[in-house]
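Novice: Listed below, chain by chain, are the residues.
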Amino acid sequence: MKRATVCPMRPIVAITALMSEAAPLIEKWRLKPARNAPLLERFQTFAADGRYVLVSGIGKLKSATATSVITATLGLEADPLLVNIGVAGASQNHAGRGELFVVNKVRDVATNIRFYPDILVRHLARESALDTYDHPVDTPPRDPVLVDMEASGFMHAATNLLCPSSVLLLKVVSDYCTSERLIPADVSSLIEDRLDLIDTVIASWHTELKTMPLPDSDEVASLERLSITARFSQSQRLELQRLLVAFKAGGGTLSDILVLPSEHEPHSKYARRALFNKILGQLRGVGLP
Amino acid sequence: MSFLPHFSHLYIEEAAREYPLTSELIERFPRATVITIRNYKEVFNRPRQRWDHQRQSLKVILAVRKDAFLYPGSSFVPNFDNDRFFYTTPIINCIYGCEYCYLQGMFPTANMVVFVNSDDFLCAARAQLAGGPAYLCISYDTDLLALEDLFHYSEPWIDFAHRNPSITIELRTKSSNFRAISDLKAPPNFILAWTISPDDIVTRFEHRTPTLEARCRSIRQAQAHGWRVRLCFDPLLMVRDWQQSYAAMIEQVTTLVDMSAVSDISIGVFRINGTYLRNMQERNLSSRLLTHPFVVENGSACYAESDRRELQAFVVDRLRRYVPQDKICPVPQG
Numbered sequence: 026m027k028r029a030t031v032c033p034m035r036p037i038v039a040i041t042a043l044m045s046e047a048a049p050l051i052e053k054w055r056l057k058p059a060r061n062a063p064l065l066e067r068f069q070t071f072a073a074d075g076r077y078v079l080v081s082g083i084g085k086l087k088s089a090t091a092t093s094v095i096t097a098t099l100g101l102e103a104d105p106l107l108v109n110i111g112v113a114g115a116s117q118n119h120a121g122r123g124e125l126f127v128v129n130k131v132r133d134v135a136t137n138i139r140f141y142p143d144i145l146v147r148h149l150a151r152e153s154a155l156d157t158y159d160h161p162v163d164t165p166p167r168d169p170v171l172v173d174m175e176a177s178g179f180m181h182a183a184t185n186l187l188c189p190s191s192v193l194l195l196k197v198v199s200d201y202c203t204s205e206r207l208i209p210a211d212v213s214s215l216i217e218d219r220l221d222l223i224d225t226v227i228a229s230w231h232t233e234l235k236t237m238p239l240p241d242s243d244e245v246a247s248l249e250r251l252s253i254t255a256r257f258s259q260s261q262r263l264e265l266q267r268l269l270v271a272f273k274a275g276g277g278t279l280s281d282i283l284v285l286p287s288e289h290e291p292h293s294k295y296a297r298r299a300l301f302n303k304i305l306g307q308l309r310g311v312g313l314p
Numbered sequence: 002m003s004f005l006p007h008f009s010h011l012y013i014e015e016a017a018r019e020y021p022l023t024s025e026l027i028e029r030f031p032r033a034t035v036i037t038i039r040n041y042k043e044v045f046n047r048p049r050q051r052w053d054h055q056r057q058s059l060k061v062i063l064a065v066r067k068d069a070f071l072y073p074g075s076s077f078v079p080n081f082d083n084d085r086f087f088y089t090t091p092i093i094n095c096i097y098g099c100e101y102c103y104l105q106g107m108f109p110t111a112n113m114v115v116f117v118n119s120d121d122f123l124c125a126a127r128a129q130l131a132g133g134p135a136y137l138c139i140s141y142d143t144d145l146l147a148l149e150d151l152f153h154y155s156e157p158w159i160d161f162a163h164r165n166p167s168i169t170i171e172l173r174t175k176s177s178n179f180r181a182i183s184d185l186k187a188p189p190n191f192i193l194a195w196t197i198s199p200d201d202i203v204t205r206f207e208h209r210t211p212t213l214e215a216r217c218r219s220i221r222q223a224q225a226h227g228w229r230v231r232l233c234f235d236p237l238l239m240v241r242d243w244q245q246s247y248a249a250m251i252e253q254v255t256t257l258v259d260m261s262a263v264s265d266i267s268i269g270v271f272r273i274n275g276t277y278l279r280n281m282q283e284r285n286l287s288s289r290l291l292t293h294p295f296v297v298e299n300g301s302a303c304y305a306e307s308d309r310r311e312l313q314a315f316v317v318d319r320l321r322r323y324v325p326q327d328k329i330c331p332v333p334q335g
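Chains as they are written, first to last, in the numbering used here: chain G, 26 to 314; chain F, 2 to 335.
Keep in mind that the hints were calculated from the coordinates and are not lab data. Hints are supplied without guarantee of correctness; some may be wrong.
[What the hints assert, rightly or not] Listing some non-contacts, in silico: residues in chain F with all C-beta distances to chain G over 10 Å:
no., residue
1, Tyr12
2, Glu28
3, Asp68
4, Val78
5, Asp82
6, Phe108
7, Asp184
8, Arg209
9, Gly227
10, Ala248
11, Ser264
12, Asn274
13, Tyr277
[Stated by the list, open to error] Some chain F residues close to chain G (C-beta under 7 Å, calculated; not the full set):
no., residue
14, Phe4
15, Leu5
16, Arg32
17, Ile36
18, Arg51
19, Asn165
20, Met239
21, Gln244
22, Thr292
23, Val296
[Said to hold, decoys possible] Label-pair distances were calculated between CB atoms; the ranges are:
no., chain 1, residue 1, chain 2, residue 2, range
24, F, Asp120, G, Thr232, 43 to 51 Å
25, F, Leu257, G, Gly121, 52 to 60 Å
26, F, Glu25, G, Arg147, 23 to 31 Å
Just so you know, these numbers come straight off a predicted model, no measurement behind them. Note that the Cβ used here is the ideal one computed from N, Cα and C, for glycine as well.
With the rest of the complex left out, here is chain F (with noise of 0.2 Å):
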């Protein structure tokens, strides 16, 4: 015997019973068992979950989410000069496994929400938009392009930024899947960002990723689809041979994707809220990664300052001698 295939379970809240979204899903996973649930919470937030072991056999639960579409833009991440900036989580968790992910310390399971009352996150934004210009990021607490085959959660969205010019649109991604979304025509106010990391942090931390040229691979499509792409190399981790790590991984990067279509390029050293970090280091116990000595300054863990100066500095100095320095944006550390 071995474990379950992922998306074995559906569990269902009961209010997520009448939307259409949810025969489509129960449509599409035909062999799935169908737990009915009240409420999602029941189940995310059941007490002493193992990520270990949930993670081999991820479960699905269909919900409705009722208010907190939107949420105003983390201090971890960078706004790109956007004043109103916003997230938000139609999606919760990832089908990835990446060793340094701030989900395992921020939600008690490994199992993934999708939230089946997407219009309802498009109201949110709309309305959001009656204050102005704003910047919205979608695919924080999750990778929509990853799943965008199961799911097909990005496609409204791509859809929503047609119609509404004012707002600008961020789909963070590690996946090689720019095909599911390759028929939609590119939205000029629509960014498909792509994490890019070295190929030795892709196999031994990035767990379940698509290799780097992968990526990058997608990305040269959707630059020649007109897609506005930007390139996020972060986390920078200090790893043994990080040099050699991220001066290969610049040189593939320059090579396989045209560096004078790319919007702008963020860099950012590995930094995580210090009580995510405990909470990950108690559920990945083997991590040799998280066992650094980080030190935490304002609640946030990170590496030591002279470490994050030298890992952004080398990034930053070899990445100029491809793109010009307006066009990378280092991610304020703290």
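Only chain G is shown next, with the shape it has when bound in the complex (with noise of 0.2 Å):
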């Protein structure tokens, strides 16, 4: 089975390179220093109620391989919404100091690979391309796109191990590629001044993609030890599994279809055979669909 366990409520993860892009986010959702993971300690993470930050660091290898370890770390059935959040220069032309934008395509500018991500939820920033380097650039770009050092990284790693529509990019415009230096509080305070649109943002697209309802681990456990009981085959097995699965998505609650007193066991091939039918009619519903 892919997918066997769920997450009550869906995490929402945001991976930025500089504790300066985290900060606003930290006290705006009140997060605190996480140190519950060992992995997790490699990067400064904060986290509150499902809600996670990580500083990756700056370079697009650095923010992959923070994705990757707080996808596993929350587990691929957890399902979380990544959101890689930062600074990006742009050309002068194209967008204002300040601005936010929803990024809907992504260029390794390094191996040419692009990525794009799903966008499908309404939202009220702007939408660009961003070209992801490998060094700071400071020559403005003459096509009308962002430009940064992550987010090919964050692509690769968070579309290797989710769909495209788990992932979200928001970049605010912080400089025109040029020589100029931004000092820490200067990127704090450009993320802090579009704080309330990144998270309208995030909150639509995780109201809207919602996950499946899928089986918990104690619906996963109560279905195994019946198998057990009943010496269901492996192929018996499988298609029970594969059944609680659709019998959740389509809202149904386990304990209110399985009961298996001791006294009930099956004895015979021909009373577990009962057994695994009546079971697999309460998980497919009674009758025809």
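Fit chain to chain and form the complex, with the hints in mind.
Specialist: Here is the structure:
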């Protein structure tokens, strides 16, 4: 079974390159340092109530690593919404300083690999393509694109693990790719100024793109216990597991239908088959669709 | 906030940019965000796409088809005694969301691909005619008539049929959009084939499709304009109270449609490639229709033989009250 359990609430994970990008989010979401998973200690990680902020460090490899680590830590079955948030450069013709963009295409300049997040939900930001470089860019791009140093790494890792509608890239334009250097306070201030819009976009994605209600670990375990007690074959177990997923996705609750008092344990092949068919029928729903 | 409307984004292949149709379509969707891509497959074939998410806001990919303009007809569909049977896919994927549709198992995305080099498809069909008369289905992996107002892809094929009498073209549809082609002259070698289902199946499983009555009204209009019409009771589904549903459907259809003017009637019980079914089950976890204990025979998933026979015999028997037997073409199973 590909997806066995699911968190009661779908986690939201924001990955930033810099602490100055993360700070406004940490404050708004009232997050605390997270130290409960050894791998997460490699990054500055903050968490509360299903929301996480990870500071990956600068560059696409660091972003990819942080994205992979947090997704693996939460588990694929948690199906987190992964959001890459940060500042980006642009040409003056394309964007104004402080403007927020939802990124609809990411190109890794070094490899020319392109990534396309699904843009399915209404939002109030402008959209743009973005190029990811391996080095700081001090010449404004000729094309109407944003530039950064992380997005392609984030997309590479995120779309290897999750679906393209579970990723979101939000970039605030910080500079016009000149030699001017930004100080951390400026970066925080740029994010801070767009924080309400950032929060609204994330909330919309999170609300609309729901995950399926899947069996929790107790339900999977009960079905497994029953299968062992009843001595179901491996193919019967797999069939029940598959139907359990469909049953849950359809809004069912296993405890409402699954009762196997010990005195009803099947003692013959015929009784086992009858029990299997009975459970099958309960999971499928009575009668024809 | 809510989902973006369908076609909010146009993904356009670099090679498709130069085609006049691309410019027309950009004008037709003035509010769409345009994203340039190298090859349609880099968007279409992305791994781990979620059909249930994408169905809420379909995107269009404009692309250039480079080869494989025509395919040999599939064994899952009837050839109506045409030896040289082909199908073509000028558009991939459909605006409707039928729960049993094989497209969900065949393609990794719900998004639509529109091939803008439509002339190349027509050239390929013309070349095929050098080998003899051919039967060509143009609306299998999509519903061209439903999309006619947006893409105008039926029209060139209707014109092609006028100019090439040795081809017979079938356009299969569930739409009620005959109006979109009602001003065109009906070629005798062009069949409008309507898929017909009982209203409760339309409501429960053929999401976003027109009602049975709306389809019948469209059929009636097509008949009045002299078009050849085929009715396709396909797929027949084993659902609760199916006898009453199919009996009521036949009553309604025979009341609303001029049955004497129907060319033929195709009847097929639900069957699907086993691999596609598994993909569909994974992508649509909550579908009770897809959790049925299908049997797999020669790679094809279908109802048990006794159910198939019962379902098909019931519908054939009812139809025989209204149309001669020779107009009824049951689809061979398996």
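Novice: Hint by hint, say whether it matches the structure.
Specialist: These are the hints, each one checked on the structure:
The Cβ of Tyr12 of chain F does not lie farther than 10 Å from every Cβ of chain G; its closest approach is about 7 Å, which violates its non-interface assignment. With 10 Å as the threshold on Cβ separation, the claim that Glu28 of chain F sits away from chain G holds: the shortest Cβ distance comes to roughly 20 Å. Every C-beta of chain G lies more than 10 Å from that of Asp68 of chain F, the closest at about 23 Å, which supports listing it as non-interface. Distance check for Val78 of chain F against chain G: the nearest CB is about 24 Å away, which clears 10 Å, and the non-interface claim stands.
For Asp82 of chain F, the condition that its CB be more than 10 Å from all CB atoms of chain G holds, with the nearest at approximately 34 Å. Even its closest Cβ contact with chain G, about 15 Å, leaves Phe108 of chain F beyond 10 Å, as expected for a residue assigned away from the interface. The non-interface label for Asp184 of chain F is consistent with chain G: the shortest C-beta to C-beta separation is roughly 36 Å, beyond 10 Å. Against chain G, the non-interface label of Arg209 of chain F holds: every CB pair exceeds 10 Å, the least being about 17 Å.
The Cβ of Gly227 of chain F lies farther than 10 Å from every Cβ of chain G, with a closest approach of about 40 Å, so its non-interface assignment holds. At roughly 16 Å, the least C-beta separation between Ala248 of chain F and chain G is larger than 10 Å, which holds for a residue marked as non-interface. Non-interface status of Ser264 of chain F relative to chain G is upheld: no Cβ of that chain comes within 10 Å, the nearest being about 32 Å off. Every CB of chain G lies more than 10 Å from the CB of Asn274 of chain F, the least distance being 18 Å, so the non-interface label holds.
Chain G leaves Tyr277 of chain F outside its interface by the beta-carbon criterion, the shortest separation being 16 Å against a cut-off of 10 Å. A hinted interface residue such as Phe4 of chain F counts as satisfied when its beta carbon comes closer than 7 Å to some beta carbon of chain G; here the least separation is about 6 Å, so the hint holds. For the restraint placing Leu5 of chain F at the interface with chain G, the shortest Cβ-Cβ distance is roughly 5 Å, inside the 7 Å limit, so the hint holds. Hint on Arg32 of chain F is violated. Least Cβ distance to chain G is approximately 12 Å, over the 7 Å limit.
Taking 7 Å as the C-beta cut-off, the interface hint given for Ile36 of chain F holds, the closest approach to chain G being about 5 Å. Hint on Arg51 of chain F holds. Least Cβ distance to chain G is approximately 5 Å, under the 7 Å limit. Interface restraint check: Asn165 of chain F against chain G, minimum CB-CB distance 39 Å, threshold 7 Å, status violated. Among the interface hints, the one on Met239 of chain F holds; its C-beta lies about 6 Å from the nearest C-beta in chain G, closer than the 7 Å criterion.
Interface restraint check for Gln244 of chain F: the shortest CB-CB distance to chain G comes to about 11 Å, outside 7 Å, so the restraint is violated. Because the beta carbon of Thr292 of chain F sits about 5 Å from the nearest beta carbon in chain G, less than 7 Å, this interface hint is met. Interface restraint check: Val296 of chain F against chain G, minimum CB-CB distance 14 Å, threshold 7 Å, status violated. Between Asp120 of chain F and Thr232 of chain G, the C-beta spacing of about 45 Å keeps the proposed range 43 to 51 Å intact.
For the hinted restraint 52 to 60 Å between Leu257 of chain F and Gly121 of chain G, the CB-CB distance of approximately 59 Å keeps it satisfied. Evaluation of the 23 to 31 Å hint for Glu25 of chain F and Arg147 of chain G yields a pass: the beta carbon distance comes to about 26 Å.
Violated hints for the displayed structure, listed by number in ascending order: 1, 16, 19, 21 and 23.
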